[in-house]
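J.: Line order of the protein sequences matches chains A and B.
Sequential numbering from 42 applies to the first sequence in our numbering.
Sequential numbering from 265 applies to the second sequence in our numbering.
Because the hints were derived from the structure by calculation, they are not lab data.
With a Cα cut of at most 27 Å, we get these calculated DSSO-like pairs of lysine-lysine:
hint	chain 1	residue 1	chain 2	residue 2
1	A	Lys313	B	Lys554
2	B	Lys549	B	Lys516
3	B	Lys725	B	Lys747
4	B	Lys704	B	Lys741
5	A	Lys476	A	Lys402
6	A	Lys501	A	Lys402
7	A	Lys351	B	Lys516
8	A	Lys222	B	Lys679
9	A	Lys222	A	Lys476
10	A	Lys491	A	Lys476
11	B	Lys689	B	Lys712
12	B	Lys516	A	Lys313
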Amino acid sequence: MTRALPLDSDDADDHSAPPRSHAGGSVAGAGSGGGGTAMRIIVPLQGVVQGRGGLVLGSLIPCALFYFLQLYLKRNRPSSPSPSPPSPSPSSSNLSELSAIPRSLSRGLISPRGSSGRASLSSRGAAIARPDDCPYYIGFKRCVDDPYHPSSNPDGIMQLGLAENQLSLDLVRDWLESNLKESFPGDKETGGLSIRGLATYQPYDGLMDLKMAMAGFMGQVLQGSVSFNPSQIILTAGATPAIETLSFCLADPGNAFLVPSPYYPGWNRDIKWRTGVELIPVPCRSTDNFNISIAALDRAYNQAKKRGVKVRAVLVSNPTNPVGNILSQETMYGLLDFATEKNIHLISDEIFAGSTHGSNKFVSIAEVLDAEGFDRSRVHIIYGLSKDLSLPGFRVGVIYSYNEHVLAAAAKLARFSSISATTQWLLVSMLSDTKFISEYLEINRERLRKMYALFVGGLKRIGIECTSSSAGFYCWADMSKFIRSYSEKGELKLWDKLLNVARINVTPGSACHCIEPGWFRCCFTTLTEKDIPVVVERISRITESH
Amino acid sequence: MARPPSPESAGEKENIAQTRPSGGGGTAMRLVVPLQGVVQGRGGLVLGSLLPCALFYVLQLYLKRKNRSSPAASVSELPAGIPRTPSRGLLSSKTSTGPAPISSRAASVAGPSDSPYYVGYKKCREDPYHPASNPNGVMQLGLAENQLSLDLLRDWLAENLKDLALDGEEGNLSISGLATYEPFDGLIELKMAVAGFMSHVMQGSVSFDPSRIILTAGATPAIETLSFCLADPGDAFLVPSPYYPGFDRDIKWRTGIDLIPAPCRSTENFSLNIATLERAYNQAKKRGIKVRAVLVSNPSNPVGNLLNRETLYDLLDFATAKNIHLILDEVYAGSIHGNEEFVSIAEVLQTQNFDRSRVHIIYGLSKDLSVPGFRVGVIYSFNEHVLSAASKFARFSSISAPTQHLLVSMLADSKFITRYVMQNKKRLQKMYALFVNALKQLGIDCVKSPGGFYCWADMSKFIRPYSEKGELELWDKLLNIAKINITPGSSCHCIEPGWFRCCFTTLSEDDIPVVIERMMIVINKHNDYH
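Can you make the complete structure from the sequences, with help from the hints?
T.: See the structure below:
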């Protein structure tokens, strides 16, 4: 703590330091009134504002003043976010002498290298290196460390916080067992394995074969209501990099997206961490069954504008996560109108498109665009195989965009997030097996439906109501009557009890930026039917004590 | 005080612009009075800071508007309450508002590539040479991909692919380790296997700790992720040049970090020079740029040099003196074809008492195992904070689980790996010798290099004028007349014109005479002309 603030020592031999401190003095020390320096500024300033200065002086002077001010403020801010390294000067002056010393084995002991402190991380790196404080990740980690197993670890923590579908893994396994060998490309000349298509460099944004298979799969998931164009697909290593890459393309640092809340907690990492894009939650309310309100979007847009923040897109999930709603066509028209009116982009995250379990039919934004004469170039769809095909381990995400510039940029940015060729070929083969896919989709929906009914029924018996939802791996449960103080604090207390006493990990609404306390997202697809009574019994221990 | 600037009204700039010539209109006076107060010391800190701030803001707006053909045209006159009909899209004037703008960073990325490195690469993709089916196609000597040992890999895969991941209970496919969410930064089994492989290719001189490994989907995201961790936008890395052209994309595109080339010279055999680094560092500092790291490839790309122990010590000294990070890109560590011994920075750190937390190694399987299609990169860091941040950033670039399991079993097959590394080295040696000798017969000398898939060829006597322009003219002729894609030195930020990187590992032995014959056409033309 007593160590000199690193910023200062770093500036010790910095050539810009003198004018910097000088400027700080002239702004802060204006009270001294009309020293030589001050006069040198005053005279041209008067000229400027009285109209004799011209554009150059009129712009340069305030510019310089503002610059110095920024510097001044930075230096005086107590908790500088990126503490830079302590003084390097002692050793740097020695360097030229040092390099003349013949190298010996004991060299490291001679020079005082270890004493100059550690090189610091970037401020973004340092912020992220810190331990998580979001309940979503804390709970996740607890489950990883101490996972429940009915026989080997019956007191472990049950994972209801991760939207992973384990209901249909047996179908995927069976397919792999019988098709793995034949999935890899053959060589026409030798008849063996075509190593060139597998080991060598492939297009970063995905094999055309997989894009075609993916477009077919997406069409199949939507039961043929839309046909997708493979050339509008960019493949990435999961939906997480898909949304990040798209964000890099649509917005610059300091810009913002409007996001109806509650929203998927991961977006705070996916989008905010590296792109510098802000997320502005636009609250949906329980009285509206958490449906999107265009009026609220409009309000948030105007507020952002007032603050000088440029909104570049609206980001919605459909089916929604964490609620599980399906957007109506009316809502989508409203969103498209809104985006058009504000001339911003519209991102529709449809990764749960095929994971519906209710009677409401899912309609993709692509279908709406097919029917209406909207400007498509502002619409982008996020998709992936993690949810609808239960293959999160394969890391396959999709950007489906109607904007050729976005496609061109995203194809190049895909270098940072490509899918390995082995996995791509495996998937080409799997997705092209349309018989398997349609069987899988149907059975999976059936199992989802059954588990959803069982789980929601179980919660209902202990007095917990869920919003009626039609899709997703979770239900959105109202536990507000079990929280002691009707606030985020009360909600987190209940979450903590559920995690540590009942040993159940669920996601509190506050992690999803829900403004009403007491709501929780509970994923039921990581459970077996036998687990449900255990979960219900564990939760009831907490709610009854209340 | 002056009214709050609203970004909407275009009148803002006129307001300022008009007041100036009119000299002391109402608005101007409202500004003058407090301004005078400020500078004469009666204003206090708040006024003194707010006023220039506001002025600057307005100025920015003004400049922005002037420079840009305002992409976000306002469309607020739209009717809001028309009932929905199928023909709605046609009714409303929506389509006339123009497309929503994309980000400025994407706009620059989306444009067509003008770097010869990518132009040539694209030409090869579109019209690839094949001795039988496309004998007039473009030959790819611009891509550092090793195809010399693909047969070994194919044989292994053909043999073992069917057993992939069938290691679950009772011989069933262990699906939950394959399909479900796995740690973003890689399976621990693969980290252990990769640590073993790294140690193996470095001939056991170092042992690597699996817990210091972050796995990413290729070395490209590895270097980007590391850059995100080490520097903020506007900061810079020092990079001895010529350097790998891909760094400009890998690092500059999204992280906002600048690369400052520190030129190496042919007179020193393009070896790294600490004095040059020092000079570049001081210049950057003078410009107010914060240098956060030195980034060096070893074996160097595009030259193929190895850094000796002395240089590694000097680099560590330099990084320590400046208190900055040191990044060693060692992706070619196992692709040595010369007699010199490769020394990893990890080995130097083992023997000497340096502060390790500033040292980071980039590795991958694309070069040494010839599996770029598998997309496997490694960040090996001695800094726990970097490891912690990078493991979280790995969510953006994970390797798919089937590939990870495949590699675990491949790397665990030590008999195969030993044979592969040995054979591959022999083949590299042979091709390097054949290729460099063939060039020599053409009068083209290469820097003597012990590592990598390429040689660094001096064609300066064939360029006219002796400048980057002359170099690019020769490159263009080689690409379009000789139909040979190589990488010009200028793409690698080499300051001396006339150097080219030629990769020889994408060729077969039969291709070499074809390459030479094609080059001869361009070179002889040059000789005839003189």
